[in-house]
Amino acid sequence: MTNLQTITSYSGSDDILLDVQNIKKYFPIKGGVLKRTIGHLKAVDDVSFTVKKGETLGIVGESGSGKSTLGRVILNLLDPTEGKIYFNGQEISQLKRKQVRPLRKDMQIVFQDPFASLNSKMSVAELVEEPLLVQTSLSKSQRKERAIEIIEKVGLRADDRLKYPHEFSGGQRQRISIARALIMNPQFVICDEPVSALDVSIQAQVLNLMKDLQDDLGLTYLFIAHDLGVVKHISDRVAVMYLGKIAEIAPKKELYENPLHPYTQGLLSSIPVIDKSKKQREKIKITGDLPSPANPPSGCVFRTRCPKAHDRCAVEQPLFTKKADGHYVACHLYT
Amino acid sequence: MQAIKKQSTNKRKHKSPFQLALRRFLKNKLAIGGIIILVIILLAAIFAPLLTEHDPTYGDLLKIEKPPSEEHILGTDSSGRDNFARLLYGARISLTVGFSAMLFTLIIGVITGAIAGYYGGKIDSIIMRLADLVLAIPFLVLALTIIAILQEVTVMIFVTVIAITTWPTLTRIVRGTFLSLREQEFVLGARAIGSSDFRVIFKHFIPNAIGPIIVNATLMMASMIIIESGLSFIGMGIPQPTPTWGNMISEAQNIRILKDHPEAWIPPGLGILITVLAINFIGDGLRDAFDPKSNRR
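Keeping their order, the protein sequence lines are chains A and B.
Each residue of the first sequence is one higher than the last, beginning at 201 in this note's numbering.
Each residue of the second sequence is one higher than the last, beginning at 2 in this note's numbering.
Don't read these hints as lab results, they were simulated from the structure.
Some clues are possibly wrong.
Over the 10 angstroms line for every Cβ pair with chain B, so calculated as not near, a few chain A residues [unchecked claim]:
1. L275
2. E282
3. Q335
4. H366
5. S401
6. E454
7. P472
8. T487
9. L490
10. K508
11. D525
12. H527
13. Y534
Cut-off 27 angstroms, straight-line C-alpha distance, at most; resulting in silico cross-link-like pairs (BS3-like, lysine-lysine) [what the hints assert, rightly or not]:
14. A:K305 to A:K284
15. A:K340 to B:K204
16. A:K353 to B:K16
17. A:K321 to B:K123
18. A:K230 to B:K123
19. A:K321 to B:K30
20. A:K411 to A:K305
21. A:K363 to B:K28
22. A:K340 to B:K16
23. A:K452 to A:K411
24. A:K452 to A:K523
25. B:K204 to A:K344
26. A:K432 to A:K508
27. B:K204 to A:K298
28. B:K16 to A:K321
29. B:K16 to A:K298
30. B:K28 to A:K296
31. B:K67 to A:K305
32. A:K432 to A:K523
33. A:K321 to B:K28
34. A:K452 to A:K284
35. A:K235 to B:K204
36. A:K344 to B:K16
37. A:K363 to B:K123
38. B:K123 to A:K296
39. B:K204 to A:K363
40. B:K204 to A:K224
Beta carbons: idealized from backbone N, C-alpha and C, even for Gly.
Let the hints inform the model, and build the full structure from the sequences given.
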């Protein structure tokens with residue numbers, strides 16, 4: 201556990217916006233006639249990291265690795281089972297719902313599916329102005345003014361305000377979601393796979409928009425994705441999650457050039473290389489499926505699919521080890 | 002040319018999903034037909050005193066079971082009451098019972114269903130087990146038992162009896178809709194910006210659940226009218242001499258009237274048939290309007 205502390209050792213310094221410490225989120229599994237808890241689904245299991253002001257931390261993992269749950273726990277949409285979350289130095293995971301409300305101004309979320317994340321019965325104006333209506337006491341005309349400003353900022357036209365979500369394409373809808381998230385000038389935005397549901401050509405547009413907005417408004421992103429390619433484009437640092445745990449966390453360049461964890465290596469080698477002159481990475485195949493988070497493997501959770509697993513992996517949980525500046529990995533190969 | 006085109010699209014008024022549904026509904030000829038018929042029946046019921054001068058409850062014992070004549074267009078019944086007057090005033094009772102029973106059921110059903118679906122957990126279990134309990138007893142047995150215990154039945158009591166025996170159906174529908182909405186990302190999004198429970202329910206749940214609620218309430222009204230007629234027919238509904246269509250048809254229990262005086266029971270029978278059909282057409286039209294993806298063949 202001491203190694204975990206080293207990652208968070210610089211908490212308390214001024215440029216740390218978000219400090220997540222040993223977060224666990226277990227969902228009870230109920231069974232039997234009396235609906236007694238018969239087990240726990242460990243969606244997020246002991247995750248710690250920090251996010252600095254103005255940077256983008258990418259979180260990568262396959263479906264079921266707990267990355268979306270992690271985002272929701274940070275936003276206080278789900279209560280963590282254990283652990284602490286500091287936002288701007290304030291502990292927020294134990295706050296009551298009423299106490300959380302003012303915080304919502306500073307932390308926002310953009311969801312994955314632009315077709316499910318907008319209430320189809322509300323016009324764009326209503327959707328984008330809703331956060332202002334809920335959080336501030338601005339007058340109607342002030343809200344309208346602010347809404348037009350932000351709608352134009354995300355690349356829509358001012359008179360799109362009067363339209364309804366069904367009149368837009370997926371990419372445009374995602375712009376509405378972004379406008380809705382940004383209208384209150386938040387410091388921190390969790391992007392929960394914001395481009396996964398979009399066409400590849402639109403993905404680039406939306407990613408570039410998000411990057412531009414980050415530069416303009418000084419935003420801090422927690423960017424969740426299942427695609428290392430997308431994350432590479434936007435992140436400063438990347439964390440790789442596997443079955444509720446962080447396997448490896450490193451600055452982007454370091455992670456892509458010198459991946460240490462066999463899982464990261466496997467993920468990277470699965471990205472096809474189009475340019476022949478570039479050297480093809482050593483192919484590391486990861487076979488099989490993600491084990492059930494209700495019954496994770498003993499020791500290292502990745503050992504059942506790891507090509508380099510040895511005896512120790514089944515017995516002992518690997519701890520985070522610092523391998524380079526800011527580069528931490530949880531694997532027995534390096535301890 | 003392009004500039005003109007662009008301007009015209011800009012000027013087009015953007016329609017909300019509700020307005021789109023309304024437009025689809027107005028294009029549905031069967032549903033509009035249903036509305037016209039229902040309005041005619043409603044007007045006949047409201048202006049009954051202008052259309053006939055007879056008192057529907059006054060029985061002239063000297064004129065029992067008279068065949069149609071100029072004075073009594075549809076003749077008189079076995080107590081000497083004017084059948085035409087009873088038909089018009091009967092529409093009042095049938096429509097009132099149908100509508101208020103539906104409204105009552107709607108209120109109970111939406112409130113219980115919303116609470117069960119939104120909060121879940123223990124309160125959900127309690128409400129749904131109660132609903133199962135009511136649904137487990139056959140409707141007729143339950144209704145007849147309550148009416149038998151109460152002995153005296155007024156329209157208000159009758160409506161209450163129907164409402165407390167039929168609410169679980171609507172509760173299940175509303176709960177189901179709320180449960181599926183609860184998992185949608187836009188509800189999470191509404192929470193993420195700090196909306197209160199109240200705002201989430203009224204701004205995000207209700208507008209998205211209104212379609213199935215309206216459709217089921219409309220179709221429910223039709224079945225309420227049938228329930229009223231059915232219970233009145235077997236003599237367990239609203240008691241004589243109050244005119245209802247069911248009461249009028251119960252005259253046909255007498256084999257002699259069934260054979261010799263079809264003018265006494267065919268009109269109220271047709272009245273029930275046409276009203277229920279009209280309401281069902283409206284309900285189907287609403288269903289197609291609110292959910293255009295269903296029923297497309």
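Now the hints, each set against the structure:
no.: 1; hint: L275; verdict: 6 angstroms, violated
no.: 2; hint: E282; verdict: 22 angstroms, holds
no.: 3; hint: Q335; verdict: 6 angstroms, violated
no.: 4; hint: H366; verdict: 7 angstroms, violated
no.: 5; hint: S401; verdict: 24 angstroms, holds
no.: 6; hint: E454; verdict: 32 angstroms, holds
no.: 7; hint: P472; verdict: 31 angstroms, holds
no.: 8; hint: T487; verdict: 32 angstroms, holds
no.: 9; hint: L490; verdict: 22 angstroms, holds
no.: 10; hint: K508; verdict: 38 angstroms, holds
no.: 11; hint: D525; verdict: 35 angstroms, holds
no.: 12; hint: H527; verdict: 32 angstroms, holds
no.: 13; hint: Y534; verdict: 38 angstroms, holds
no.: 14; hint: A:K305 to A:K284; verdict: 20 angstroms, holds
no.: 15; hint: A:K340 to B:K204; verdict: 18 angstroms, holds
no.: 16; hint: A:K353 to B:K16; verdict: 25 angstroms, holds
no.: 17; hint: A:K321 to B:K123; verdict: 31 angstroms, violated
no.: 18; hint: A:K230 to B:K123; verdict: 14 angstroms, holds
no.: 19; hint: A:K321 to B:K30; verdict: 26 angstroms, holds
no.: 20; hint: A:K411 to A:K305; verdict: 20 angstroms, holds
no.: 21; hint: A:K363 to B:K28; verdict: 23 angstroms, holds
no.: 22; hint: A:K340 to B:K16; verdict: 21 angstroms, holds
no.: 23; hint: A:K452 to A:K411; verdict: 16 angstroms, holds
no.: 24; hint: A:K452 to A:K523; verdict: 15 angstroms, holds
no.: 25; hint: B:K204 to A:K344; verdict: 19 angstroms, holds
no.: 26; hint: A:K432 to A:K508; verdict: 26 angstroms, holds
no.: 27; hint: B:K204 to A:K298; verdict: 19 angstroms, holds
no.: 28; hint: B:K16 to A:K321; verdict: 10 angstroms, holds
no.: 29; hint: B:K16 to A:K298; verdict: 36 angstroms, violated
no.: 30; hint: B:K28 to A:K296; verdict: 50 angstroms, violated
no.: 31; hint: B:K67 to A:K305; verdict: 80 angstroms, violated
no.: 32; hint: A:K432 to A:K523; verdict: 21 angstroms, holds
no.: 33; hint: A:K321 to B:K28; verdict: 21 angstroms, holds
no.: 34; hint: A:K452 to A:K284; verdict: 26 angstroms, holds
no.: 35; hint: A:K235 to B:K204; verdict: 33 angstroms, violated
no.: 36; hint: A:K344 to B:K16; verdict: 19 angstroms, holds
no.: 37; hint: A:K363 to B:K123; verdict: 41 angstroms, violated
no.: 38; hint: B:K123 to A:K296; verdict: 21 angstroms, holds
no.: 39; hint: B:K204 to A:K363; verdict: 18 angstroms, holds
no.: 40; hint: B:K204 to A:K224; verdict: 33 angstroms, violated
Hint compliance for this structure: hints 1, 3, 4, 17, 29, 30, 31, 35, 37 and 40 are not met, and every other hint is.
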